[in-house]
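Protein chains in written order, with the working numbering: chain A, 4 to 297; chain B, 4 to 297.
Please note: incorrect hints may appear among the correct ones.
Selected chain B positions facing chain A (in silico; Cβ < 8 Å) [to be verified]:
hint : residue
1    : 115
2    : 212
3    : 238
Which bits of chain B does chain A cover? Going by a derived footprint, with three or more residues having C-beta under 8 Å, they are [what the hints assert, rightly or not]:
hint : segment
4    : 153-164
5    : 214-225
Keep in mind the hints are simulated off the structure, nothing from the lab. Every residue, glycine too, gets a C-beta built ideally from N, C-alpha and C.
The primary structure of each chain is shown beneath.
2 protein chains.
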Amino acid sequence: MIGVDWGTSSFRAFRLTPGGIVRDRRAAPRGILAIEGGHFAEELLRQTGDWIADGETRILLAGMIGSRQGWQEAPYLACPAGAPEIAAALVPVPFDGADVLLVPGLTHTDADGTPEVMRGEETQLVGVLAEIGAEGIACLPGSHSKWARIEAGRIESFSTYLSGEAFAALRGHTILGRMMKDGPTDPAAFDRGLARAENPGHLLHHLFGVRTLGLFGKLAETESASYLSGLLIGHEVRAALPPGGGAVHLIGSAPLCALYARAVEASGAVAFIHDEDAAARGLARIGKDAPWSI
Amino acid sequence: MIGVDWGTSSFRAFRLTPGGIVRDRRAAPRGILAIEGGHFAEELLRQTGDWIADGETRILLAGMIGSRQGWQEAPYLACPAGAPEIAAALVPVPFDGADVLLVPGLTHTDADGTPEVMRGEETQLVGVLAEIGAEGIACLPGSHSKWARIEAGRIESFSTYLSGEAFAALRGHTILGRMMKDGPTDPAAFDRGLARAENPGHLLHHLFGVRTLGLFGKLAETESASYLSGLLIGHEVRAALPPGGGAVHLIGSAPLCALYARAVEASGAVAFIHDEDAAARGLARIGKDAPWSI
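Whole structure, please, built from the sequences with the hints as guidance.
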């Protein structure tokens with residue numbers, strides 16, 4: 004089968020064996036925002052036509068392609084959900100020459116009635132469920148970081164943290180950014196931000212410290228962005244980690260997962276880093292239970 | 004005497020009686036960023052020359068005019084400080100025809116060594132010390148909200164919250180702002196944000212709820228900015244209020260103080276709103292102890 008992780012800004016396709024091994028892969032900056040006039044079928048054929056010509060008849064699409072802004076809306080499925088529940092809620096879209104199914108996103112409602120959503124991350128989570136086992140905590144860091152609780156081998160609930168997008172907005176559009184120079188992450192400054200996040204003060208108060216430490220010559224312009232990153236990730240991890248710590252399964256880009264692992268371990272928990280092919284494994288796993296017509 | 008609150012973007016001058024009554028006043032959008040070439044003396048003469056010609060010989064300047072970007076730096080004075088300590092640290096600047104003194108800002112250091120600074124707010128605080136009495140809590144809401152603890156009639160310590168600037172950055176430069184329409188504050192939506200802030204979740208998590216409530220039709224585009232404002236102000240007030248509540252003295256613009264009062268009272272404390280002339284009263288009080296040479 005063919006599995007595609009089709010997000011807002013990128014398109015990643017995997018040609019998978021029945022056992023879920025990646026036989027071939029390709030990626031293009033052809034996210035749904037780059038596709039004009041709703042020509043998703045044409046784009047899919049352009050990207051994977053040779054695999055279809057070579058005999059593939061089953062295509063599973065996950066990510067924002069199943070949103071209102073994508074090819075067709077695959078309504079959010081309520082938690083708890085694992086591969087069988089997700090497979091039972093796949094949405095077919097018309098396509099010549101192959102069976103195309105859309106993976107639904109997941110939703111969950113907080114105790115006080117505030118909804119949560121994910122779209123694309125559920126497939127990555129399914130891809131690591133076998134490694135997590137019956138119970139565990141998984142985190143997908145990013146602009147909108149997702150923290151999921153796994154129970155009985157299913158995604159039981161999850162929470163989103165706006166840390167990545169808040170970092171970009173604070174850095175780019177507040178006085179804090181005026182004292183920052185671009186550069187690679189400075190691990191010592193990142194750790195100082197983490198340590199500050201352990202302080203009982205509120206994030207809105209800690210943020211001002213980025214400026215005053217700079218004003219008083221205690222934080223260099225080359226350290227300031229790393230400190231802010233440590234502060235935000237430290238706050239997120241401290242708030243999202245359940246009491247008692249335990250293990251956190253991190254899924255995503257290697258550099259970002261490395262920073263989160265540092266924060267998780269500073270909080271006394273253990274971090275396991277999974278690679279970005281979790282999406283391919285999740286597509287294969289959902290595809291196994293899917294109601295293919297061909 | 005003449006008292007001036009000379010900030011980054013505005014210039015407010017008061018002609019004061021020896022008892023501290025405002026005899027006359029004027030304001031202009033002539034903050035220090037608007038003064039080119041360091042011509043502060045010329046600007047001061049342009050704004051208050053008629054009062055000087057009429058016999059005023061003492062001029063006290065508070066605010067960013069005493070910063071490195073202003074006329075001359077008046078180094079930060081360490082807390083605790085009241086009117087006598089501030090008056091003893093005034094910095095003279097050369098000016099023909101009158102005695103001109105700069106009010107220093109204040110600094111304070113957190114338990115973990117992070118510095119705090121204020122410049123201008125110390126004068127407003129001195130202006131309400133008589134009304135607060137020996138002990139109390141005061142808050143000056145704004146881009147960088149200041150919360151000060153008053154002990155023995157002096158400013159004992161203070162903390163800054165970046166709430167106002169974070170609101171502007173989140174609204175203007177994240178996905179949250181895409182679902183917001185301009186308009187007056189919606190009190191019910193603001194209260195919903197306050198109520199959400201009472202929830203034990205972290206601000207970085209609560210922020211994502213602004214988006215999902217919108218996606219699920221539970222928050223209108225005309226309500227969304229007010230909800231975000233309630234969320235941020237609620238988080239700030241909950242974090243800054245000492246345990247046990249008590250009374251909070253609010254100093255600043257009337258509409259912003261009204262929102263903070265709503266948040267303070269939702270947290271079980273009592274709010275007192277002081278007017279913006281606190282700066283004039285503070286200038287008069289510091290001027291009383293100042294080492295004038297004329």
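**Prompt:** Which of the listed hints are broken here?
**Reply:** none
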